[in-house]
Amino acid sequence: MKPSTLLLPLLTTLVPTPVNAQWEQIQEALGLGGGSKTPREPVVPVPNVVLPIDKGNFRELLGGNDLEWLVLFTTGTENCPGCILYENTFNEVVALLHDNNKIHFGKVDCDTDAVVCSVFSAWGSRIFHVSHSTPPSASLPGLADHLTHLHPVPFHRPGTESQPIPTDSEGNPIKDARPPPPPPDAKWIAEVVNEEKWRGFEEWTGWTHPLDGVFQVPIYQFWWVLSIFAKVPPMAMMVGIGLLSRFVT
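In case it helps, mature numbering (1 follows the signal peptide of the UniProt record, and there is no 0) puts the sequence shown at residues -21 to -1, 1 to 228.
List time: in silico DMTMM-like cross-link candidates among lysine to aspartate or glutamate, alpha-carbon distance up to 25 angstroms:
id: 1; residue 1: 176; residue 2: 78
id: 2; residue 1: 166; residue 2: 71
id: 3; residue 1: 176; residue 2: 71
id: 4; residue 1: 166; residue 2: 182
id: 5; residue 1: 81; residue 2: 47
id: 6; residue 1: 176; residue 2: 66
id: 7; residue 1: 81; residue 2: 181
id: 8; residue 1: 166; residue 2: 78
id: 9; residue 1: 86; residue 2: 45
id: 10; residue 1: 166; residue 2: 47
id: 11; residue 1: 166; residue 2: 88
id: 12; residue 1: 81; residue 2: 191
id: 13; residue 1: 81; residue 2: 182
id: 14; residue 1: 86; residue 2: 170
id: 15; residue 1: 81; residue 2: 170
id: 16; residue 1: 86; residue 2: 33
id: 17; residue 1: 176; residue 2: 47
id: 18; residue 1: 86; residue 2: 66
id: 19; residue 1: 81; residue 2: 71
id: 20; residue 1: 166; residue 2: 181
id: 21; residue 1: 86; residue 2: 174
id: 22; residue 1: 86; residue 2: 164
id: 23; residue 1: 86; residue 2: 71
id: 24; residue 1: 86; residue 2: 57
FRET-style restraints, in silico, Cβ to Cβ:
id: 25; residue 1: 31; residue 2: 154; range: 42 to 50 angstroms
id: 26; residue 1: 39; residue 2: 80; range: 17 to 25 angstroms
id: 27; residue 1: 90; residue 2: 161; range: 24 to 32 angstroms
id: 28; residue 1: 100; residue 2: 39; range: 17 to 25 angstroms
id: 29; residue 1: 126; residue 2: 154; range: 44 to 52 angstroms
id: 30; residue 1: 27; residue 2: 144; range: 36 to 44 angstroms
If you're looking for bench data, these hints aren't it; they were derived computationally from the structure.
Just so you know, even glycine gets a beta-carbon here, dropped at the ideal spot from N, CA and C.
With the hints as extra help, turn the sequences into a complete structure.
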């Protein structure tokens, strides 16, 4: 078999084809985003307003313009009891950046949009700074610079991670126990934005880039398929496997 034959299924996900058009139609029918998009009003920065970002608009808002974003990925208290602390910190950051007219704020709810959080590898609570630029060359996205730049922003100032090592009731250090992280610092995050310190953090580059990477479409499709299976009741899954095994054996 020729290598080109093996690569054909992958290439169909990387270039515009009728197959991709059908995929977008399926997404639209299931309410998953994609498909034909209706024109949206221009996004205007509003102080202290956090825009909801979901699977239907994350590409347009974060990758389809030249706006600067600070995006919080968060999970509800049922699945992440401690995430409320980071969400409150993010709200403090929004208030501190009230006079910054360049930054936009967004939030992704990982309980309702788990696919988006999976694509960004952002489970629990995480902050990304999003910026844009014109690439210096016409090289293939994923091999060099990107149009959209993603920089993870830590919740606390680097160098403050050292905390007392957990000990047992007798005062002995617990083996392999990791010290708790320092509390989130809203003033530090606001400083990162105002002074552009996010440039000093490692940028997300490569083929898995969720907005510019070569594999952005197949990665999204992979997590979408997993999300469909996650919604199937366990009993229905067992019945389906049992019926399938009868036809196979």
